[in-house]
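**Student:** So the protein lines, in turn, are chains B and R.
For the first sequence, position 195 matches number 195 in this note's numbering, and the numbering has no gaps at all.
For the second sequence, position 307 matches number 1307 in this note's numbering, and the numbering has no gaps at all.
Hints are computed from structural coordinates only; laboratory data are not their basis.
Keep in mind that a hint or two might mislead.
[To be verified] Label pairs and their computed distance ranges (CB to CB):
#: 1; chain 1: B; residue 1: Asp-171; chain 2: R; residue 2: Thr-1066; range: 42 to 50 Å
#: 2; chain 1: B; residue 1: Thr-256; chain 2: R; residue 2: Ala-1101; range: 36 to 44 Å
#: 3; chain 1: R; residue 1: Pro-1233; chain 2: B; residue 2: Phe-292; range: 50 to 58 Å
#: 4; chain 1: B; residue 1: Pro-200; chain 2: R; residue 2: Leu-1058; range: 44 to 52 Å
#: 5; chain 1: B; residue 1: Pro-76; chain 2: R; residue 2: Pro-1265; range: 20 to 28 Å
[Stated by the list, open to error] With a Cα cut of at most 35 Å, we get these calculated DSBU-like pairs of lysine-lysine:
#: 6; chain 1: B; residue 1: Lys-197; chain 2: R; residue 2: Lys-1177
#: 7; chain 1: R; residue 1: Lys-1125; chain 2: B; residue 2: Lys-197
#: 8; chain 1: R; residue 1: Lys-1177; chain 2: B; residue 2: Lys-100
#: 9; chain 1: R; residue 1: Lys-1125; chain 2: R; residue 2: Lys-1112
#: 10; chain 1: R; residue 1: Lys-1125; chain 2: R; residue 2: Lys-1177
Only a predicted model underlies this, so the values are computations on that prediction, with no experimental measurement involved.
Cβ coordinates follow ideal geometry from the N, Cα and C atoms, glycine included.
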Amino acid sequence: MARTGIEPPAGVRAPVGLAAMDAAEVERSRSRVATRRRLGRAGLYLAAVGAALVAATPFVWGTITMFKEDADLYNPQNNPFAFNISPTGEHVSFLFDETKFLTFAGNTLWVGLLVVGITLAVALPAAYSLARLNMRWASPLGIGIFFVYLIPPTLLFISLSRVVSTLGLQDSTWSLVAIYPTITIPVSVWLLIGFLKAIPRDVEEQAMVDGYSRVGAFRRVVIPLALPGIVAVVVFAFTLTAHEFIYALAFISPSTEKTVSIGVPTELIRGDVFFWQSLQAAAVLVAVPIAFAFNLLLERFITGFTMGAVKT
Amino acid sequence: VEAKEHPGARATPLEAIRAAVHGRRALADRESFLAPLFLLPAVVYILALVAFPFFLALAFSLSDVTAGDPSLDWVGLSNFEAIFDDPVFWRSLRNTLLFTAVTMVLTVILAKALALILVANFRFKRIVRFFVLLPWTTPIALAAVAWLWMLDSVYSPIDWTLREFGFIESNLYWLGKDNLAMASVIAVQTWRIVPLAAVIIMAGLVAIPDDINDAAAIDGAGFWRKLWEITIPLTLPVIGVATLFGAILTFTDMTVVYILTRGGPTNATQVLPSYAYFKGIEGGDLAQGAAIALFLFPLLLVAAIAILRSVRKMETL
Chain B
1 MARTGIEPPA GVRAPVGLAA MDAAEVERSR SRVATRRRLG RAGLYLAAVG AALVAATPFV
61 WGTITMFKED ADLYNPQNNP FAFNISPTGE HVSFLFDETK FLTFAGNTLW VGLLVVGITL
121 AVALPAAYSL ARLNMRWASP LGIGIFFVYL IPPTLLFISL SRVVSTLGLQ DSTWSLVAIY
181 PTITIPVSVW LLIGFLKAIP RDVEEQAMVD GYSRVGAFRR VVIPLALPGI VAVVVFAFTL
241 TAHEFIYALA FISPSTEKTV SIGVPTELIR GDVFFWQSLQ AAAVLVAVPI AFAFNLLLER
301 FITGFTMGAV KT
Chain R
1001 VEAKEHPGAR ATPLEAIRAA VHGRRALADR ESFLAPLFLL PAVVYILALV AFPFFLALAF
1061 SLSDVTAGDP SLDWVGLSNF EAIFDDPVFW RSLRNTLLFT AVTMVLTVIL AKALALILVA
1121 NFRFKRIVRF FVLLPWTTPI ALAAVAWLWM LDSVYSPIDW TLREFGFIES NLYWLGKDNL
1181 AMASVIAVQT WRIVPLAAVI IMAGLVAIPD DINDAAAIDG AGFWRKLWEI TIPLTLPVIG
1241 VATLFGAILT FTDMTVVYIL TRGGPTNATQ VLPSYAYFKG IEGGDLAQGA AIALFLFPLL
1301 LVAAIAILRS VRKMETL
């Protein structure tokens, strides 16, 4: 608690010698410390609640919006945060029954899972190679992979759309399966290097003494030990694919092939017609599960970020 | 990535024993063979789908390729000349720099504050953390859609609240006026980047040894004094990393602009990535689109080198 500096530890020592203080003075200083402590706590709670409100307001309002009747929603005098007419679920069922939302969600899901699979298959050995195996070029290669992570889709989407059509993948969700690993592999290698370096060398050396080959030790000892880190990378990589917008927008136009990211904004907005309740339902329904998965693994991401390329 | 020890300097005794036992080491054990093999798929993937498209984009920018005429004919630098004569390009470049700079200043301040909140202990911390991370974990296109509704010209709840309290007479038209539209785009981008930056800064805060803070508390240092003299100096490199990550995410991103304003009103919020998209994909002028996107590269290189330097500094902490 003292770490944040928001409150002094209990029984804080006054800077001047205690011996010089009489009892009343000690009492005054003690109550001053207590007041400051209470103020600090109040400030902390205020800041925390404020931050949560600013972050969540669009989603809170989205949740209210998705259950509103048109007549309630489209009256600028109505309180937007309350139900002036009793709530309805019809716009949520519209989202599931009348739009391709489930197709978009399904596409996002299977693209994400395939991309995560490809990413692990490629990134795990690469990270192991950079973290553990002695190689002259390990350091520049690691930096090279880090630079690739920083090359954004916006730089490549025009030429990649040519590559995609040459491969015959234009307008197909498979184009995303092929291209998204370019986003996920570099960052996964970076995170995995950190997790792999945290495993003591002795463990795999012991395994090799016990008769495993290097590859055997990697498969049977290192991967199981790195599993928590691998789970974090899986979630991170999946989230990156679910977030991606530009490639999907540039490569895909048929609505059945779209992912949630581009499907919702392009198909639920028809020219000037906005299906606002259904749009908000889609945003909230996608946002909440991903946020849950992320929160479960937050501590691991934090260690991953610090260990990645930073610590040896 | 930290430099490795000299090849072969490590574990040689073990390998010598194994070599003696087996006589000859199996292929599955030879590091000089395994190391490149393990790395090969990643390198091939990146060469094929990052390096190749990058050079293809360079070639595009020096050619007359369009969506209708896909052949690449050399035209030298004429695309770049055309871009330099295009006032919208300059406007986009200015907007990109402004958008990034303002977003980053706001992000540093807010993310630092948020990180301090998130490492503190208080009740309901998990709930607060869940809400606070929502902006970053939500797919950006959907978060932008939620904001599009927040900033609606007629039904915006922000305007409604301001009207109720009597601050304004009529709606502000957030996305309809040049300056307000820019401010909105910056606000939404900041809202989205801050949680990510805060998480990275948290990693740095957690790494500060407790005894430093305890010693300072015993010496009577208050919250602000500790903030300025301990926390900020010690987390400066990690703040640097968070900022530069955020900067790269911001100046290369077009999703917020594309969904909120489509670059409007009349290019007031047009940024380089969105302009490249409208020219290259929607307008079909692949050559000019590629040339515009390439302007991101020098900016990116500078940012990347700066990140690496901060990371190096962190290693010495």
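**Student:** All the hints need checking, so say for each whether the structure fits it.
**Tutor:** The hints, checked one at a time:
1. Between Asp-171 of chain B and Thr-1066 of chain R the beta carbons are some 19 Å apart, a value that contradicts the proposed interval 42 to 50 Å.
2. As the Cβ distance of Thr-256 of chain B to Ala-1101 of chain R is approximately 41 Å, the hint placing it in 36 to 44 Å holds.
3. Taking 50 to 58 Å as the suggested C-beta distance range, the pair Pro-1233 of chain R and Phe-292 of chain B does not conform, at roughly 36 Å.
4. A hinted range of 44 to 52 Å holds for the C-beta pair Pro-200 of chain B and Leu-1058 of chain R, which are about 45 Å apart.
5. At about 22 Å, the CB distance of Pro-76 of chain B to Pro-1265 of chain R agrees with the hint of 20 to 28 Å.
6. Taken as a hint, the Lys-197 of chain B and Lys-1177 of chain R pair is broken in the structure, with Cα atoms around 52 Å apart against an allowance of 35 Å.
7. As the CA atoms of Lys-1125 of chain R and Lys-197 of chain B are separated by approximately 31 Å, the hinted pair is consistent with the 35 Å bound.
8. Between the alpha carbons of Lys-1177 of chain R and Lys-100 of chain B the distance comes to roughly 34 Å, so the proposed pair stays at or under 35 Å and holds.
9. Taking the CA atoms of Lys-1125 of chain R and Lys-1112 of chain R, the gap is near 17 Å; set against the 35 Å cutoff, the hint holds.
10. Proposed proximity of Lys-1125 of chain R and Lys-1177 of chain R is contradicted: the alpha carbons are some 39 Å apart, above 35 Å.
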